[in-house]
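Peer 1: So the chains spell out like this:
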Amino acid sequence: MKYKSLIINNPEELMFGIAPKPVKTRRGLEIGGGQVYAELNFTLPVMSINDNTLNQVYAHYREIAEGALERALHLNSKGVVLEFETLLEMTKTPSIGVEIVKIMNGICEDYYQKFGLKSEIRLTPNDLREFERPAKQRSSQFLEPLFELFEQGMIAGGDLLSIESTGGKEVSDEALMMCDVKGMVFALAVLGVRDMQFLWEKIVSVANKHGKIAAGDSACGFANTAMVLAEKKYIPKVFATIVRVISVVRSIVAMEQGAVGPDKDCGYEGPFLKAITGIPISMEGKTAACAHLSPLGNIASACADLWSNESVQNIKLLSGMAPTAYLEQLEYDARLMNEALRAGKMHCQVLQQLLVASDVYTDPQALILSPENVIRISKELVKGDSYVANARNGALAALDIIEEALRSGRMKLPELETGYLPILRDDLNTIPDNESEFIAMMLPLIDQSKFIPAEYGL
Amino acid sequence: MEELLEKLLEAVEFGKVDKKSPYPPQLRDMDGAHELTIRAIETGIKPQKILEEALIPAMERVGKKFAECKIFVPQMLMSARAMGSSMFQLKPYFASGAIKTKGTFIIGTVKGDLHDIGKNLVSMMVEGGGWSIVDLGVDVGADKFVEALKNNPGAVIGLSALLTTTMVNMGEIVANIREQAPETKILIGGAPVNDDFCQKIGADFYAPDPQKAVEYLNRIAS
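Going down the list, the protein sequences come from chains A and B.
Taking the working numbering, the leading residue of the first sequence gets 1404, the next gets one more, and so forth.
Taking the working numbering, the leading residue of the second sequence gets 631, the next gets one more, and so forth.
Excised from the complex, chain A in its bound form (with noise of 0.2 Å):
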């Protein structure tokens, strides 16, 4: 792994707002630079997508653009990103998706020509590799579109580049279910980081041609739907901690690349990327319940740049459409945020410590995002010379504090959840140091039906 040290080391630094390496667009936001920005996120309503229905999809994205930019002019937003996570149709064919990034772009220009609104619109392609099953990482049909959307969509206005990458996922998702650890290792830190090396090279090329931001990447189909089984009590939430942290080895390689931030929203990994990398970040807590529950829903914005929603879909609520009501909420949470920033530090300490107090000793999920840990579990995040043994090393560090809480008596779990701490650390402690010998041990443990090894140049 390329980092070896953190560059905020102290946990009072890891602040929102405030990144060491802030990104600057060309409408003029400037994440990370002293001030948060709301990140709206949407989808369409209940619709299916086709040749007879897209007149509709791109009303529904202009309505949500004008809505969202609208109400953030009206609150006096300093800033505003939108978040285009395209569907299926609108990556298979690129077309489609690139006219709905030139709708938007249109609109932010607008507002930023007429009201010196600053707007960007962050593209996130979704991954259409893993329809091919087993997936071909590597030599996919679908990398053509995939990347097509990338280059067409940035030029038609997508500024800020990003993706929820899935490879690995084809080993994760039973190792979620059945609470594999090393299982979950072996797809983050082995197969995930083989993958996001392969995408994110490509990624950032593709930007650095075009002068865009290649952004970041999110374990959003490992880490976040680990909290979401969570959640649904189908798996142990001291399990979902421990993914979490695993994810941090995988995500970071597209820093590694040359991806500059803002991370991704749903990546609650987001905070040791920006300990370790001094990234800005984009988090979602409280405001994402529309998409997923979570037990983060304060904690999450101790140190987020930009403060999303997940995801909403365009339909009409009492006050308006869903979009423009989010918009609103995110840029509340914001204006306080701001508020702070703006009063100097020890406002920003106290508003941030509330924030981590209200949630911190009430699930293992949020104990670890606390400042001191983040930093303390990032420490052991590099301290390793492989991908593996970071990965091991950071997880270990997780269940040291999360039983640390336990033995205070600050966090209470049942003993359902508690059973399960022993077993993962035993399981851990048998991940080897050398990613040669751990892929040599779990190879022949896993299902090879269920991806191709050459697909990640095994």
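No lab work stands behind these hints: they were computed from the structure.
Quick reminder that beta carbons are idealized off the backbone N, C-alpha and C, glycines included.
Watch out, some of these pointers could steer you wrong.
[Stated by the list, open to error] Listed next, with one range per pair, are the computed distances between beta-carbon atoms:
no.	chain 1	residue 1	chain 2	residue 2	range
1	A	Ala1843	B	Lys650	18 to 26 Å
2	A	Leu1757	B	Ala811	56 to 64 Å
3	B	Glu777	A	Leu1861	31 to 39 Å
4	B	Ala697	A	Ile1718	25 to 33 Å
5	B	Ala805	A	Lys1689	38 to 46 Å
6	B	Asp834	A	Leu1696	25 to 33 Å
7	A	Gly1812	B	Arg658	30 to 38 Å
[Said to hold, decoys possible] With a straight-line cut-off of 30 Å between C-alpha atoms, the simulated BS3-like cross-links for lysine-lysine are:
no.	chain 1	residue 1	chain 2	residue 2
8	B	Lys700	A	Lys1636
9	B	Lys780	A	Lys1853
10	A	Lys1853	B	Lys774
11	B	Lys650	A	Lys1853
12	B	Lys815	A	Lys1635
13	B	Lys830	A	Lys1719
14	A	Lys1636	B	Lys695
15	A	Lys1689	B	Lys700
16	A	Lys1815	B	Lys695
17	B	Lys830	A	Lys1635
18	A	Lys1585	B	Lys695
Assemble the complex: chain A is given as a structure, and chain B must be docked to it using the hints.
Peer 2: Below, chain B alone, put in the same frame as chain A:
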């Protein structure tokens, strides 16, 4: 004889696949579902009795514990694996007709959608409930469901979706199935769907979780 079935029930309930399996710790070095099923057959217990008095009740207990949040999915999956090792021994009796399942359940994630964690859970729970499973996988269109139904007349269909833009494909699939076999029972599930949507597209049942799917299937099988 009864004691043997009780041991098999316990092995499946707690996920003891075979003797060498280290899980669960309290049954370490004891016979698992594999060995106990072989012994049960050798002792002359009818395969149907093995299924009805050990395997299905074991999975019912597992389903109940899961519904009451007393276990997590991994424990449930270990039970399913234990049941699977037992069913492997019983396979010849299914083929010969000596054992009858409650019916066949055809399940798939609908066209355009790749999410299959929920679908797999339902599939496993329903199989544990004594049904034969035909899992069509993900991104499944109406034609595949209809074809599977032709190969398995009288089967119940399960449709899964996680996206607002793919749930609409459920309506097309339901319409196609109704055209071919109007009496087919169809259940749906997934984050964006609900009972209203179920009624709107003409499906028969909305299952908010795997256990409810099993309960519905058992109701219509009885």
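Peer 1: Each hint should be assessed against the structure and marked as holding or not.
Peer 2: So, going through the hints one by one against the coordinates:
1. Ala1843/A with Lys650/B: 18 to 26 Å: Between Ala1843/A and Lys650/B, where Cβ atoms are some 22 Å apart, the hint holds.
2. Leu1757/A with Ala811/B: 56 to 64 Å: The hinted range 56 to 64 Å holds for Leu1757/A and Ala811/B, with Cβ atoms some 60 Å apart.
3. Glu777/B with Leu1861/A: 31 to 39 Å: holds (36 Å)
4. Ala697/B with Ile1718/A: 25 to 33 Å: Holds - the Cβ-Cβ distance for Ala697/B and Ile1718/A, about 31 Å, lies within 25 to 33 Å.
5. Ala805/B with Lys1689/A: 38 to 46 Å: holds (40 Å)
6. Asp834/B with Leu1696/A: 25 to 33 Å: holds (28 Å)
7. Gly1812/A with Arg658/B: 30 to 38 Å: Check passed, 33 Å falls within 30 to 38 Å.
8. Lys700/B with Lys1636/A: holds (9 Å)
9. Lys780/B with Lys1853/A: Given that 30 Å is the threshold and the Cα spacing comes to 28 Å, the pair holds.
10. Lys1853/A with Lys774/B: Distance ~22 Å between Lys1853/A and Lys774/B Cα, so the pair holds.
11. Lys650/B with Lys1853/A: holds (26 Å)
12. Lys815/B with Lys1635/A: Holds - the C-alpha atoms of Lys1635/A and Lys815/B are around 27 Å apart, at most 30 Å.
13. Lys830/B with Lys1719/A: Within the cut-off at roughly 20 Å; holds.
14. Lys1636/A with Lys695/B: Holds, at about 12 Å.
15. Lys1689/A with Lys700/B: Satisfied, since the Cα-Cα distance of roughly 28 Å is no more than 30 Å.
16. Lys1815/A with Lys695/B: Holds, at about 22 Å.
17. Lys830/B with Lys1635/A: holds (27 Å)
18. Lys1585/A with Lys695/B: It holds: about 27 Å lies between the C-alpha atoms, which stays within 30 Å.
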